[in-house]
Amino acid sequence: MTITLSKSQQAVVDFSDGNLLVIAGAGSGKTRVLTERINKLISNLKKGEKILAITFSNKAAEELKERLISLLGKQKLKEYAYIGTIHSFCLDIVTSRGSVIGLPDDLHICESYNDRLHILKEAIETIPSFKTKYLSGVAKDNQIIIKKFLDDLSTAKRNLKFSDDYTDNPLIQTLFEEYDNMLLQQGVIDFDDILRYTYQILTERDSIARLYRKVYKYICIDEAQDLNKAQYEVIKALAGKEIGITMVGDPNQSIYGFSGASNDYINNFFVNEFNAHRMQLFENFRSSQLVIEAAHRIEKSFKAYGKCMYKGEFEIHDFQNEYLEAEYIVSKIMFLVKNGHPDVENQTITLEQIAVIARNRYVFSKLKELLEDNNLDYTLKVSAKGSFSSESDFMKAFELGIRLLVNKKDKIHLIELRKLINYPKSDINFDDLINSDELSVYWKNLMTALTDAWNLLLKNEKEIKFHTALKVLRTFIDLSETQIDEHEKILISEDIKAWENNWDIYVKNSSSGERSLGNFVRTVSLGSTQSTSDKGVILTTVHMSKGLEYDVIFIMGLNEGVFPDYRAVRASNGSRDTKQIIEERHNMFVAVTRSKRLCYLTYPLVKNTPWGIKRQFPSRFVLELKA
Amino acid sequence: MSILVSDLYINNFRSLKNISLKLDKYTVIVGKNNSGKSNIIQAINLAFDFSSVFRDDIYISADEPYNESKKIWIDIRILPIDEDGNIQDTFNDQWSRAFGDSVSLDLATDKEYFAFRTEISFDSDKEIYTNFKYKIDNWEYEGNSQVGNSVRRETLEGIENILVNAQRDISLDIRDRGSMWGRLTSNIKVSDNVRGNIETQLQRLNKKIVRESEILKSISRELKVTTADKESIVDISPITRDIESLYRGINIYYTNKNSLPTSVENLGLGVRSWAVFSTVKAEISSKITKRTLDDLAYLPLILVEEPEAHVHPQAQRQLFSNINEMNGQKVITTHSPYILSQIDLEKIRYVRKVGAQSEALPLLMEGLTEEDIQKIRRTVMSTRGEILYANAVILAEGETEEQALTVFLREFFNKEPFELGINIIGVGGNNYTPFMRILDRLNIKWYVFSDGEPQPLSDLRACLKKLTGASSQPNLTDFENIFIIENNECFETYCLSQGYIKEIRKAICQVESNTNYMSYYIDHYNDQKGKHGIIRNYKADADGGYYRATKDCIMSNKTKYPTAIAEEICKIRTKSRRVPQKLKELFNKIKENMEEGGI
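Protein sequences, first through last, are from chains W and E.
First residue of the first sequence: 1, per my numbering; consecutive thereafter.
First residue of the second sequence: 628, per my numbering; consecutive thereafter.
Some hints could be false.
Straight-line alpha carbon distances no greater than 25 Å define the calculated DSS-like cross-link-like pairs of lysine-lysine that follow [to be verified]:
no., chain 1, residue 1, chain 2, residue 2
1, E, K1185, W, K76
2, E, K1211, W, K47
3, W, K65, W, K78
4, E, K1198, E, K1211
5, E, K917, W, K78
6, W, K47, E, K917
Since the hints were made in silico from the structure, they are not lab data.
Given these sequences and hints, build the entire structure.
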């Protein structure tokens, strides 16, 4: 796919006059420009020389790698570039060269906060005078103070401080030293040490910095607005005077504020110390104008970067029923694939550039049928790593209960269940929890049905009556007409169907001898009861769509109670608890902004339920957007 | 070439359980047959490629039997050097680019080096041995280094390992497109205008041959008839039509003054293996040109196994200098004393086998004084290099003793000395020390067989004093490997006093080609003055002077008779008398040592 670069983009790619700062916001084609620039820089390299491309996340590194692979091929890219986060690059230096500053061989990273806290506590134990001075209060306060010290240590390290920098405060100096020594004694360093020790190695041993300069002839930094002192200084030490640097960043987008990042590093230090030339990319190629306007209506604080280069489409449609809604989406997909769209690159659209988003997975059922009828491929992304989890609270409780039946010691799921059913106390086991008098009337009622179902499952271990148990639940839901919210009822009904399906697949793929409840739970959580393919239109829940972008987005099932979810609506009624409804608004914002060019919102006016046809209302977000 | 593969450590490869070796610009590995020389070459080869091994290639011993988790390790350290081979602080630009950030720095000196480990281990899923390489950040000897990230193929691309072994035969290589010869010649390049010209001529020649040959003409006619399609044209090319396929017909011809050109296939193996080296040389120089043009690093690492095979001694010397002149670093194994005689002593690495396991003496000359080294070079290596391959060495005074001992040895063991791996060396008077030193160093048993006369004995004592560094003259009887003829006698008089007069007389007669030589001798010298001016009055003796005359005769020319005497003694009917007592003692001692397995 060849796309011509805009004039300002081309200028960045071609710049060949020393150090360069590129100011580029979201949608400015930043990654593409960086890709092209690296490609250009590579073409000037001799064999064995490399470009060092630093990104701020592994995901960004992967994206950059993928794009460069499509330009250069895997082999050549590997040969001519190192692409990764600054920590992964520096970890290599620390582990392979650490011995020059006395670090032990075979270092590991101590990632766990609790482990570090533990080590700090041990360090404090060795300094009695420190304890008397800072930790004379009650245990609870001391705990807070120690945590504060750990944070301060981390901050100090990010500012490249060593214990010797604290000679004016001998207690702090001793603690710092002890903490570092204890880490090293256990063969570990903390995350902040990676850069700090790299800095020490590079500045104390110029021969090592020289060695890297012989290999890395140019350095490119993505998301440079997120640089902190340690990162900036390491890059500076690495580059020396002879290695050129390009930094790309958007000063308005700094998100890693907590790691000590500051715009100053690109705005002031880089420009002044490296005499960097400043260029700006002011066009927005990512989102179409109409999508951006819609996003702005949902979240008033949202501002798009630069000048939008495409107008795009944004439409809202209602339908007599769910079937007609799905039919519209399928025919629109077929139309777009056939005809393309002038606002989409190359004017052509493939199924893979299209995604349909819904608040929960059951909204897709009609659409799935229709896609299959029309032989259109699709991929369902509804839960992490292909595992299954229920959408309704009732069935979530059922599912958690099964896990606890299988493993009585499972604390994590016990806590989850406790939170789900709003049980106040933490010290309780599963049996006591489901029989407790302190449950709400609502949950007490539900619990009787759930307990019946669970008992059925336990009763006959050799021949598990899974369908019978589900039937108990279904009957219960069918009979309780008033208590349960209409939307919840629909979700429960769909959940039960999904569990029936899971069980059937499990039975098909297992022999009767190996079947057990535990085995079933494991199989479900590995996702092996679901088939996965990676082709075609993406059908995704909002939660699974985060971080992904498509040229065409459909958001379907936009009914009040579905999106926003009825639980959020219920909680916010009378402005009791608005946290969840704010969350729903953000979800809507995420859904809309997944679209780069074209966005279509749809909802049905009625819904078929096991209890007959029910009238549906448009989502509040739809009403806002229509206004 | 700017780098030197300097250090080598091998673990668990064939007989190499645990072996360290230093390498030079050229290194010559010597040792007895089956000592593990060629395993070292193969291990270096494995270190520089990614090929696999077989289960048999894993070292096993009685106490360490085979198991799947056993791994082969080969550690290599490479240093930057200048034109003259001096070690440098940093790699040059080309090698820096080649090794990239895999270059390590010496902690103490900050000098650059590149080191890596080849780890060959069994992958039980794939059921093969896999060859992985990991960089070494802090080099330690004896395989004690820790390894870091893996080393990619490209990193080692600049070093080309070229294995040349005795089995290489140019007449086979010519037919093999995959051989170095095949690769070189399938890529013949000529300029475009010459190409056109040549190909026109080839076509013309082809046509002419077909025209002149009745057979080809008729075949060509037949082919035309059988082709259904009338438009088609049939051509027979007796020789190739284009330059690219010329290689198929390439051959090498040797011509000398009196003979017609002879194809290399019809020449001896010697010429053929010689031609292999020429091909290697040509390949290397074409590679160097190409890599230099591309500004890329290149080191040919030439691994040569017994280049002397099939080559006559005179040519062996020439061959070695040919190999040595090749660009690149060389590791050579050899059995040839002729090659050894040309080598700097510090380039020799001696390998020996102890039990199932090979050991290497990293530096043959370490700890020896300059004078010793000079002496060893002059007296041992230049003419007696073969002792490096011996199981045991008998040192005798001179050449005559050497010959006589050889005769008796053959008789006693009923085998040729070389079959036994025993060398007998006449050191030439007082020259024992350099031999003893080097043999001690190589852990090769040596024995001295010496006359009992005062001069040789004092010479021997002086040598032993030097060897052991003792302050006083050593007592010869303290050495169980030193055998001295008693009563101040020399070998000839000893035989006489041991009652071999008949055989001695026969020997003298045979040497003098006169069956009555002793009668002649007695008659001739009877009235003449002998030693100290005393008149020799042989005929007054009871035996008619035979004994004394025989003694005088053999003493009159000490180099003339011993071999003949030895041969005569060996012809005695009574088997037990065929080897004189003192020699029996020596040989029994050797036999005993051999049976103990010390040899």
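(message) Could you work out which of the previously given hints the structure breaks and list their numbers from low to high?
(response) Going through the list in order, the structure violates hints 1, 2 and respects the others.
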